[in-house]
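Asks: Sequence:
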Amino acid sequence: MVDRNPAVEAIVPATAGWEAGELEMPGRCIACAGSDLVGRYAGLDDRLGRIPGSWGFLECTACGALNLAPRPTLEAVGKAYPGDYVTHDDGAGVAARDDGDGPVWRSINGYLNMRFGANRKAASRLGGWCVGLLWPVRFQLDYFFRHLPPTPGRLLDVGCGNGAFLSRAADAGWTVEGIEPDPQAAAVARRTGFNVWEASLEDVSPTQPFDRITLSHVLEHLHEPGAALQRMRGWLKPGGEIWLAVPNPGGPGHRYFGRNWFSLDPPRHLCLPTSRQLLAMLADAGFDSARLVRRGRGARSSILPSARYRKERGDGDSPLVRPLVWLIDLLASIFPGASEEIVVIARRGDA
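Note that the working numbering has the sequence shown beginning at 2, numbered continuously upward.
Incorrect hints may appear among the rest.
Said to hold, decoys possible - Restricting the straight-line Cα-Cα distance to at most 20 angstroms, the calculated cross-link-like pairs of lysine to aspartate or glutamate (DMTMM-like) are:
1) K80 with D143
2) K80 with E225
3) K80 with D47
4) K80 with D102
5) K312 with D47
Hints in this document: simulated from the structure, not taken from any laboratory.
Make the full structure from the sequences, and use the hints.
Replies: What follows is the structure in C-alpha cells.
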C-alpha cells in the first residue's frame, strides 16, 4: 500500500454509489495532524437519506477531534451534496424568515436596529430593550448577525450559500462579498446583487482586504481547514477579525444522542474539532485574542432532528427532548461550551 500523502492511509475500493478512488481513509487527524486515530463510530448512513455509503468516525487521541472515515476525496466531495441541499433555498424564502411586522418581530427588529445598526422598518425601540433582557433570545439574535461590531466595514462570507447573511450584513451597512462553490446557491445569492465568487476558497484571491470574515458551518466541510485559516488571515486587514461556527462534539447533544447526533452529518462533515483544538488551530494560523462566545437559543435545530433520526433508526424514543432543548438553550446562554455549536471570534495577529 502506497500513501498519496501522509494524511491519507488508504484509497477505498469501489462501493455503493462511489467509484474506486473517490473515497479515502484518513491517516492523520485533519485538526492537529495526529496519527493515533481510534474508532468511535461505524456503519453510519447519510442523515438526509440521499447519499449512499457506510460511514464512520475516528477519534484523535491527541486532540479529541472526530474524523470522517472513509471520506470523499477532494475531487469527489461534490457527490456528497444532494441537489436539494439546504443552501439552495430561494431568496424569497430566506427573506420571509428573516423579517416580519408582527409584535414579536417589531421587538426583535428594534433590538437588531439598536445593536447592529440594522435598518428594519417595522421596529419597536421599547420592544428592543425588552428583548435585550432575555438572554437566550438576545444571544440568539447576536448569533443571527454573527456578533458584528457596531462600525461597519468590508465583510467576506465564506460559504455564503444563498446569501441570507450577506443580506443581513448589508442591511447593517456592511460592504459584503461572498464565496460559494455551489453554482445553484451562488446564483441565488447573486440575484440579490451581491458579488459572489463561484469557486472554492483555495481558488479565490481578493484584491482588497476585509475587516471581517465569517464562516458559518463551513470549516467542518474542508479537507485542509488549517491551511484555509492561514489563507484567510492574509485576507484580513491588520486587526481584522474572523468569526466561526462549527458543530460542538463536546456539547450535550452529542453526549446524549451519540451515533444518532444529527450534526455528525456524514459524509459531509469531514472533521469536528473540539473547542480547545479549534482555538489551537486559530493560534497556529496566526490569529490571536480568540474567544468563545455564547450561542443562546438555537438547540432545536440539532436536537429535534437527532431525536427524529434516533426514532427512525429504531434506537428508541426521546420523551424529554423538548425539556432538553430548553435546558441547553439556558446553559448555552451562560456557558459557551454548553451550546450545540462552537462559536469563536479571533483577531488577525500581526506579530
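Asks: Take the hints in turn and mark each one as holding or not.
Replies: These are the hints, each one checked on the structure:
no., hint, result
1, K80 with D143, "violated, 34 angstroms"
2, K80 with E225, "holds, 18 angstroms"
3, K80 with D47, "holds, 12 angstroms"
4, K80 with D102, "violated, 40 angstroms"
5, K312 with D47, "holds, 15 angstroms"
In this structure, the earlier hints numbered 1 and 4 are contradicted, and the remaining ones agree with it.
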